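Chemist: Going down the list, the sequences are from chains A and B.
Counting in our numbering, the first sequence tops out at residue 481, every number present.
Counting in our numbering, the second sequence tops out at residue 764, every number present.
Honestly, the hints are just simulated from the structure, not real lab data.
As the structure is a computational prediction, the values presented were derived from the model and not from experiment.
For each residue, glycine too, the CB sits at the ideal point set by N, CA and C.
Hints may be right or wrong, so weigh each one.
Derived list of chain A stretches under chain B, where covered just means 3 residues or more per stretch with a C-beta under 8 Å from a C-beta of chain B [what the hints assert, rightly or not]: (1) 44-58; (2) 81-91; (3) 106-116; (4) 133-147; (5) 151-160; (6) 375-385; (7) 458-467.
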Amino acid sequence: MNQTLQITLLLNDELLTVDVPPGMVALDFLRKQRQLTGSKEGCKEGDCGACTVIVGELQNSQVRYRPMTSCLLPMGELHGKHLVSIEGLNMEQLSPVQSAMVECGGTQCGYCTPGFIVAMTAGLMDETIPLSEKGHDFATSGNLCRCTGYRSIKQAGQQAFRTLEPDLSGRKSRIKALCSAKALPKHFLDAAEKLCCIPQRKQILPPDSEYTGPIVAGGTDLFVQKGEEIPDTFPQLLNQKAISPALESDGVIRIDARSSFEAFARDPVIQEAIPNILKYNDLIASWPIRTRASLGGNICNASPIADMTCLLLALEAELVIFGDSGKRIVPLQNFYLGYKTLAKKGDELIAEIRFPKPKRNERINWSKVSKRKILDIASVNSAAKIEAEGETIKQAIISLGGVAATPLALNQTSRFLQGASLSSSTILEALSVAQNEISPISDVRGSAIYKRLLARQLIAQHFVNLFPDTISEEAVCEALR
Amino acid sequence: MKHCDSQLHVTGRSEYVDDVSPPAGLLHAAVFGSPIAHGEIQSLDTSKAREIPGVIAIYTFDDIPGEAYFGAIVQDEPLFADNKVFFQGQAIALVVAETYEIARQGVKACAVNIDPLPVITCPREAFAKGELHQELRVFEKGDVDANWSKCETVVEGSIDLAGQEHLYLETNRCRSIPCEDGQLKVYSSTQSPSVTQKTIAHILGLPMNKVEVDVKRLGGGFGGKEDQATHWACMASLAAFLLQKPCQLVLSRSDDMRMTGKRHPYKQDFKIGLDSDGRILAYEVSHYQNSGAFMDLSNPVLERTCLHSTNSYAIPHVRIRAVPCRTNLPSNTAFRGFGGPQGMFPLEVAIEKVAQKLSVSPDWIQERNLARSGYVFHYGQELEDDRLHRTWQETKESFDLETRRQAIADFNKKHSSKKRGLALMPVCFGISFTKTFLNQGSSLVHVYTDGTVSVTTGGIEMGQGVSSNMIAICSRVFGIPHDRILCNSTNTSRIANISPSAASATSDLNGNATIIACREILAGMKKVAATKLKCEPEEVTIVDGRVHCSGKASELDWNTLVLESYFARVQLMAHGFYTPPNISFDPVVGWGRPFHYYTYGTCLIEATVDCIQGTYTIDTAKLVHDLGRGIIPSVDLGQVEGGLAQGIGWVTLEELAFSDDGQLLSNALSTYKCPDGDFLPDDIEVKFLENADNPGGPLGSKAVGEPPFMYGMAAFFAIRRAVEAFSPIEEEETKSPITPEQTLLKLYPNAAHSLTANATKLKK
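Produce the complete structure using the sequences and hints provided.
Modeler: Written out as structure tokens, the structure is:
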């Protein structure tokens, strides 16, 4: 097959029109077609960050830049965009990020280094990221190094952030300031102008309407599973059309299913509905992955430990699905028929995710335990939406991931809790009910015993976290022994 | 001075094997590995793969023109499976194609029919069935058996000690280019260019002088590319040689993970006995090494396990039993520490257990038993100084051990759902290859007529900074700025018979050789200078590129002197060769002086456990390390911190999971987790022992690569102490790593048991 697509993009400082297979990933394009070998392949599944690039997209005649792992980024999406690799950050002299890395001894074998430099620079370019230690850690959440032990890298990043803080703080757009501070090359200044010149085009659809190639949204899981096959197909790239922000009307929140985790968590509508969403987001994947991973993809991938799906289950989400036979609405918890089996026909796509805006006295908690806190897949995750009135639980929706063939809503436990008293003893009983609803298996994420135990702990923790005045952590801890 | 490659690294301009512009017509290879762990090959069908347009050739065992079997210790490993397969992922065929993608397609189109044979993954089982790479070895000192009855306290236990994936960020790769007259030029990501050269020649039936191996740098090695970069270089070279076209083989991450060996897992039994004063009287340990399918380096790894089984402690009666067991896993191999960590681990567990029994702090027992100057280890070498003690004392004092201990006790009293713990880890690690003959270093130094210098040594730059060290050494010996010096790629045509870059000894051996080469050149140049300046050669020194006579600057500078020397027909290039003095070791009787010297240090780690989730944080790592007189501070510090990080990873997050039938389950970065920046503490503090020149090392330095790895073990014990503050640990077998799963199960032993019992009841 191997059909190509003509795209025009700004690659570093060069406006380029190329014929590429739309499913070819940017990393292969950079290294194999352009001999730009600064981006390294460490894992080709978004787990090491050695191939991190920055992608700029025109938004209201300004370019908005975000980091992405080029190993999971299909070229077909890059028409009209600015693709920046480490080569596109280089100037005659080292940037403050680069020189801090040299000075602090943050590079040894050097293989991960370009990825760190790109990620740190992306962090500086994003106005929403604080110019602090926290901001730096956020920016490099997707980067692994096997040589240094990270202290020197953190020191370098923090030094660079601190050095540039006076130039950047309070700026609406940091790009100009970064160029003036010689932290970015000048070609960024006219990137918007160049991108404006690239003629927009209609969404490219597969040539044959009967064609059933892969459907790619963020691709962060699909490319991990089928990275070797997709370049030979003509994938349907859903992200070619602009993604709309979340909307709230009549107490219902509606989200474009293609919304990335990052866009979702930063949306003011969502932040109002789920006050701790940014904290949860920190525990999900990494910044470059979250800029790509979509809510709809997370749901359709049907992984039993899908983090966002777990949260959406507790929020009582519904899916708006479109297909040849029209539109239908499916409650998220009815969407899973079995392991990786969906109540969805091949022609159908999830267009929208809806959930009722949580009421003022509905409290939400989501937690996840994985081996490593950042950029790891959960052993067990759990979310809860609990409404209590005085000492009585009015309603408690609890979801669990990693304990069954599908993401699970604990309906029996919810029924048990409805109307029950808010007390340690009720919770302990509820934990037993929950145990009967789950059937974890032993796998690489943990033994079945561990998952049972962890499920119990996480459910108990919802109550401890949400009702600290009523439920004493100490008492629960003691009772659980 | 900083790491000499850092400017290239931060701009992405440093070149690794496949970053160099490809030569015209470069072919790509991919490996078809065995789908199962043990069996007899009935048939191999490559016909479908051959039909794919762009597939050029497929090679198997029968296509090897030279010797099909190879190995560093025993030649027991075939390049491609010979009728039988012994581990999942073992290479069966090589697909060569016009592109990498087509080669991968070709691999997927290969099919093999294998009659399965029983799979062994546990070394105890292998031992019971007599599946051994070598007979059981015993090291003995004193009389263990006669002393158990004299002990006040005796504790026994078993250990399941995990292996570790190297996870060099650059996977194994090689590019091989045919040259005139049947010669090959090989660019390999190897720590052992000469082993690679020799094995390629052996496989292809070529004389060694027709194979040139060149290594610019590695994207990490950590031991994983000491003996196991060879396979891929041989395969790329086989294709290049047979097709007479350049060929490149780059392993995907998952292929690299399932096809190459790792740090050896061990099963261990220990018995420790203490007298009434808390002194260890007797210690016995049995090491069942999970060696994997072929010998590889298992024998010397196990030997170092034996040598370091008493770590830093003086024990009068010792018995160490060790056996390399053949299992159906990839052949396990060198990894930073080279068996040393596995030797030290059980004794630390034993000390913890005995401390628990005596209700004392483990560091009380550790301190009482630290070896002092004059102590003779069970293999005959004497401890010649008291630096180990100095590092212990300085760690306790400069990091306020007692204050920290009190703070933790207070914290644990106050908090019901969070507990903290601390542990100390002393390290005494021997420097030298225990195979004495490998202790040789070579350096070739060129001074060009413009005054610039190039140095080539046998050392491989894999991030550890050996190139920077060589430049620093040249700079100091010549007395010229380091920016006049370039460190070249390591190349078998410039340096012959290179020892692997391993055993922490690379800078030592090659640095000393570089000093010898520089001095030889300098001697000739000084004569020229003396004639010019009308003084004696002994009076000539060079400082910052300026020639001095009796300490006074002259008008003569380095560049002029170089040119003058050239015109005077003075030799401006030299080859230095170095072997450390006074080392010898008889591996048969296990006696001698295997090490040039020891590197010492003591580390303190604190951890906090979340007693609801079972997760934990490593809060602080503080250590005092004996570096001698360091060469480049930032490079040395990087080695210490990097080793510590890998050591912490080994005992905490990094969990190799194999199924019972020998499939690697943790076969990607999504399932095998190494530490990241968030996991490792911000509060890492390294102090170097002061006034600690090491006469054996170049410029007074000490080897630094491996010893810090073992500091990481303190994390294991710190987490366990925190767990014990919540719930006493009772276990039949001590298991590493202490993942959040292990932690939670230990926090709630009763609950874990009853939940499972209930679940089983429900099923029925």
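Chemist: Does each hint hold? Answer for all of them.
Modeler: Checked hints:
Chain B is given as covering the segment 44-58 of chain A, and this holds because 5 residues of the stretch bring a CB closer than 8 Å to a CB of that chain, at least three being needed. A count of 4 residues in the segment 81-91 of chain A with a Cβ less than 8 Å from any Cβ of chain B is obtained; the coverage claim is therefore met, three being the minimum. With 8 residues having a Cβ less than 8 Å from any Cβ of chain B, the segment 106-116 of chain A passes the three-residue criterion, so the hint holds. Against chain B, the segment 133-147 of chain A contributes 8 residues with a C-beta closer than 8 Å to a partner C-beta. That satisfies the three-residue criterion, and the hint holds.
Only residues whose beta carbon comes within less than 8 Å of a beta carbon in chain B count, and the segment 151-160 of chain A has 4; three or more means the coverage holds. A count of 4 residues in the segment 375-385 of chain A with a Cβ less than 8 Å from any Cβ of chain B is obtained; the coverage claim is therefore met, three being the minimum. Remark: the segment 458-467 of chain A is confirmed as covered by chain B, as 4 of its residues place a Cβ nearer than 8 Å to a Cβ of that chain, reaching the required three.
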